[in-house]
Structure formats: C-alpha cells, structure tokens
Amino acid sequence: MSDLTITQTGTERLARAFSEHGKRAALMPYMMGGYPTHEESLRIGQACVQAGADIIELGVPYSDPLADGPVIHAAGTKALTAGANIASVLELARALAPDIPVVLMCYANMVLAPGVEAFVDRLARTGACGLIVPDLPLEETEQALAACDAHGIALVPLVAPTTPPERLAQIGSQTRGFLYTVSVVGTTGERAALSERFAEVVAAAKAATHAPVALGFGISTPEQARQAAQAGADGVIVGTRLVRAAGEAQDPAGAVGVLVAELAAGLAL
Amino acid sequence: MSTIEHRFGRYGGQFVPETLMPALAELEQAWLAAREDPNYRSELEGLLRDFAGRPTPLYRARRLSERMGRPVYLKREDLNHTGSHKLNNALGQALLAKRMGKRRIIAETGAGQHGVATATVCALLGLECVIYMGAEDTRRQRPNVQRMELLGATVQPIDAGARTLKEATSAAIRDWVTNVQSTHYVIGSAVGPAPYPALVRDLQRVIGDEARAQVLKREGRLPSRVIACVGGGSNAIGTFTAFLDDPQVQLIGVEAGGEGINTPRHGAPLTVGGRAGVLHGSLSAIMQDEEGQIIEAHSVSAGLDYPGTGPQHAFLRDSGRARYVAVTDAQALAAFREVTRLEGIIPALETAHALAWTLAQEDGELDLVCLSGRGDKDLAEVLALT
Ligand SMILES: Cc1ncc(COP(=O)(O)O)c(C=O)c1O
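Protein chains in written order, with the working numbering: chain A, 51 to 319; chain B, 252 to 637.
The following block holds chain A by itself, in its conformation from the complex (with noise of 0.2 Å):
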C-alpha cells in the first residue's frame, strides 16, 4: 500500500487520461517508432492525436521481437533498416508527450543494455509515461518496477487468457497505469472477431485490479472496438491494423488518421 502515497506523474496523468476522454472507453492507437520512416512516424502520431486518440503506444522497433506476429515485426525490421534506433525513437516520443501521454513498448533486452535504471531515466527525460516490456513477466520485473516508480514512469503489465486467477491477482495488485490485457493467446495481428472468451478476460482482469483495464492484441474494426468497450474495457489498444494501413498508404498519417476517427467514432457515446 505504501507504493499509492507516492506521487508518480506518469500514471497520473494516464489516470487521468482513462477519466477525461469522453469516449466509451480510451482509444489506444500502437504505432512503431520509425516506420515508414522516422518523419512520417512523427507525422501518423500527430494524426493519432488529432483524430482523437487519449494515448499513444510508441513500439521500438527490435530484431527480435517474440510477441508480435508478422506484420508488427516486418515493420520493426523496416524500421531498423531506416536507420530507426533507440534515440531516434525517443526523440519521438519527446515530440508528442506535450500533446498526449506516451508509453513506450520495448523489449527487455533493450531495456536491459544500458541498465534498467539508465533507461528508464531516460525514458523519463522524454516526458513520457510508461512503459511495457511484453518479455519482462511478473518474475523479472522487480528491478525495472523500482526504476519507473522512481521515476514516476508507470511499468505496465501484461496478462493473457492463459494467466490463471492467482496470477491474475498478484499481477493485478502490481499495475502501475494499466493492465495490459492480451485479448487473444497468441501476437500481435488481426482477427476476424475477437476471441469467444475476451468478455470473460476483460471481467476476469476488472476484478484483479482497481487500475484501468486496457484491452489489446487482434482489435481492428470500430465494430470491435465498440463491443471491448462494451465488455468493460477502460480502453482499446489497436496495433496491427493501423502499422498495416502505415506501410499499405500512400499517405500513411492520413490513412491512420481516418482510422483512429473511425474507431473513435465507434467509441463515442
């Protein structure tokens, strides 16, 4: 309980980012730092803001990336290539912190390099609010949790609907920002229709946490968007489909531009 009387900034303000959004539930576009390329990056997550998106995941692209499927990891391997690295994406993230909070997705080994400690002092630095290291289990985080509550940068976790209940409640009690909650077993991708059981997931996850419930992996469609939020989710993380219509456009901000408005549109009450 000691943790709750410390002020932390980041999850404070993605507190109130869960509060203040107006919407069915907050909408949660993922993009990847440096894809297409770093400028157009930049440019897709000031379209995300202004068509209505409460929080940005900012991906940092990795070489080996073991929770997503083929299309987030291709635009990772794109972006590497352009030249994106861990400064570059940063840099980004220190470009739209002003306008909407960040939280960064990287993997542990990244995390690791420098030091937990150095990078999240970094990430700090950037004015951004979180962090979520889909390789980094309940098991492996103490380190990385003392570094971003020092820092008042939120260490989201994730759980899956493999995560069984005791699990869940430990996991639960330790959510700084948000729950991650992996809708789906499986990476990162589209799906037709969400997983039969992801409205057994969100309640399972609601009840583990008093934290906001964000609800990701496999959300696509407005349509989808719509019935997470109909489940009880405080908010919808959507990924593949957004990095799909960045690398298929010609104009790729505008593309995720339309996109992030139609879901939230699809979220409005």
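One or more of the hints may lead you astray.
Stated by the list, open to error - Each pair of labels, with its calculated beta carbon distance range:
| # | chain 1 | residue 1 | chain 2 | residue 2 | range |
| --- | --- | --- | --- | --- | --- |
| 1 | A | Q193 | B | R354 | 31 to 41 Å |
| 2 | B | G525 | A | T59 | 28 to 38 Å |
| 3 | B | L375 | A | T59 | 52 to 62 Å |
| 4 | A | Q193 | B | G525 | 16 to 26 Å |
Hints listed in this document are in silico derivations from the structure and should not be mistaken for laboratory results. Since we're looking at a predicted model, the values are computed, not measured. Ideal placement from N, C-alpha and C gives every residue a C-beta, glycine not left out.
Chain A is fixed; fit chain B with the ligand onto it per the hints.
Okay, now just chain B with the ligand, sitting in the frame of chain A:
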C-alpha cells in the same frame, strides 16, 4: 519434491510473453514429477536402449591417438539413432508431452539434426509435428529436410533475418504463444526460458554419465580434458555435467569462430565475452549491439550458427569451471576432412569444431571429445566449400 534451477548464478530466468508463463510452470511441474516416476523412467530408458541404441560406445580413436601421441577418446553420439545426441532430448521431451496430454509438437532446428530427432520421435509416438527451420538452413542441410518430411513432419521454412537458427527459434516461440494449450515446444538445446535449460541438461547428461564410467573402466582414470562443441550447448552440458565435481578434469567448450572472432562474423558469444543479454527467454552470453539489438551469427555449421548460448555455460565460464574457445570455419573444415580420413568417421561440421581444437593440442593429455553427430548431412556443403 526436488527443484529445478531457474537461474545459474545471474543467468537464466524467464523472459517470455505472459501467455507462456503458465505453460512453463506446467512443464516444470510435469518434469519434476516425471523424472521421479519409475514408469516414465523405465519407458525412457527402454527407448534409449532399444530404439536409440544406447549406451553409445566410447571409442579410443586409433589413428588419431597415434598421430597425437596421446590417447583421444570419442564419445560416439554419431551412433545414436538419427545420427546425433539430439535424440536423447527429443525422446525425453516427447514422452513428457504425452504425459501432459499435448499431441502437437513443434521444434526449431538449425542443422536439421534436432528436427530429424523430433520428427522421428513423433513418428514413433504418433504425434503431430511441425519443424521450423531457416530458409538458408533448408538449403544447406537439404538431406535432413527430406528425412523430416519422409518421417511425416511439416517443415516450415523461415525467411526472416539471416534465415538461420535464431529466426527458426523465434518462429517456434511465436507458434507456441499461439497454440500453447495444445502444443508442446521441444526446444533443441540447453537454451530458452526456465525450466528448459535444466530440463535439456537433465535429458542430455546421459552422454557424460556413460562416458565417465566408460573411461574409468577403460583407463582406470578420468580424462584430463573433456571437449565438446557449443551451439546452444546441449551436447556440451550433457557431457560436462558428470564431470562438474571432478576438479582435475578441464572442461572445454568449442564455439564457432566463423571467419574469426575479431570479425563480426562468428558464433562465439561465450569466447568473446561482453555484456550479458536476453535472447529467446533467458539471460546469457549473446551477440548484441550497444542498444541491445541481436546481431546475426555466422558459422559454416548450421548447428553452431546462433548468437546465443545456454545460461549454464555462461555461469560455468564466469565461475572458471569451464573454458570456452573458438575454432574458425576453415579449421573446422580441415578437421572434418582429417578425421574422416584418419578414422573412417565422418563427423558433423558442428562436431568438427571440437575435433579441430583437440587436434591442435600438442601435449600428452588424455582427451575425451563428444562426437556429437555424424556428417552425412554436411557432405554437399563441405564439397562445395573445399
Ligand atoms: C551434431 C550436432 N552437434 C552439435 C550441435 C549444436 O547443438 P548443441 O550445442 O545444443 O549441442 C548440433 C546442432 O544442430 C548438432 O547437430
């Protein structure tokens, strides 16, 4: 009930997506129970004996010993069914999968030896089998692709990155994340998240347990050095384990030096040293850049062409109990030919690295080398390169 190591010193751990954590816990419980269950043990021992052909011989290499002027012993894992040590692990894990009620098996493979071993066991036990293999490796280890397909496995070529073992392993992990409820991932080396490094070690330690007893019987003494090649490190840890408490026995792991460890083109993270990192679920010696991006490895031998290594090896290196060295592509190719001519044994290119190191030692010491596999699969590649 006994426990299983999650860490070796600071190495190891479980750096995987949350989706897999319950499956790792289930696997750990299943292994703790199975390894003390007389039924499981007798089924495994029976298959190792009658199906795999164990114990494998310990052979005092005649002309090699003569040439070196000192005894060199070869632990003949090439005579294990399917032609390498990989079957020891595949048998144990597939039996475990059956106990857990999982009827779909996936595996990664580099040289194709682990893929063949896994496909073989799946044929034996009637399990569905999907093997992930880098597209470059399906080319250079063609005979093994044909063997796997003949055995009824689906071979899935992977086109990402350098199209070798690292990408095959990543693809297998992604499959497991997606199909974890129905599927067991038979990881092929002493790598990956806990409990895999310890599980694979437990299943491969039969190599060293047999070899230690065999050399004692034959020579009335222990070897001065025990030598094995190190890709992910399963034949090495399997050979070393029996000797860990014999401080007079030096343990030497031979990594892929590729085009030289002063170039970026090698597969020798233990030898080169540097900052530890996370690859495929555990913290260990890996090849990475300053920001933590994984660097592609290079080796003429597909089974050693991997930028990571098992966490227990990183621990043994740091503690000084084992020593790790690198042998180049050229040295391995020369040893491949030399041992073939001298002994009438065609070793795997992976194994040729260990043999090359032994061939270069001009002292009078008694060496025991793990001859981890046979080299039929490598003929086309070797003939094209030399
Ligand atoms: C014959 C042989 N030896 C060694 C290896 C390297 O693996 P490990 O280091 O796990 O023994 C392989 C891998 O494919 C192999 O086929």
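Do the hints match the structure? See the list:
1. Against the hinted window of 31 to 41 Å, the Cβ-Cβ separation of Q193 (chain A) and R354 (chain B) comes to about 39 Å, which satisfies the hint.
2. In this structure the supplied range 28 to 38 Å holds for G525 (chain B) paired with T59 (chain A), their Cβ-Cβ distance being about 36 Å.
3. The given range of 52 to 62 Å is respected by L375 (chain B) and T59 (chain A), whose C-beta atoms sit roughly 59 Å from each other.
4. Separation of Q193 (chain A) from G525 (chain B) is about 20 Å and conforms to the stated range, judged on CB atoms against 16 to 26 Å.
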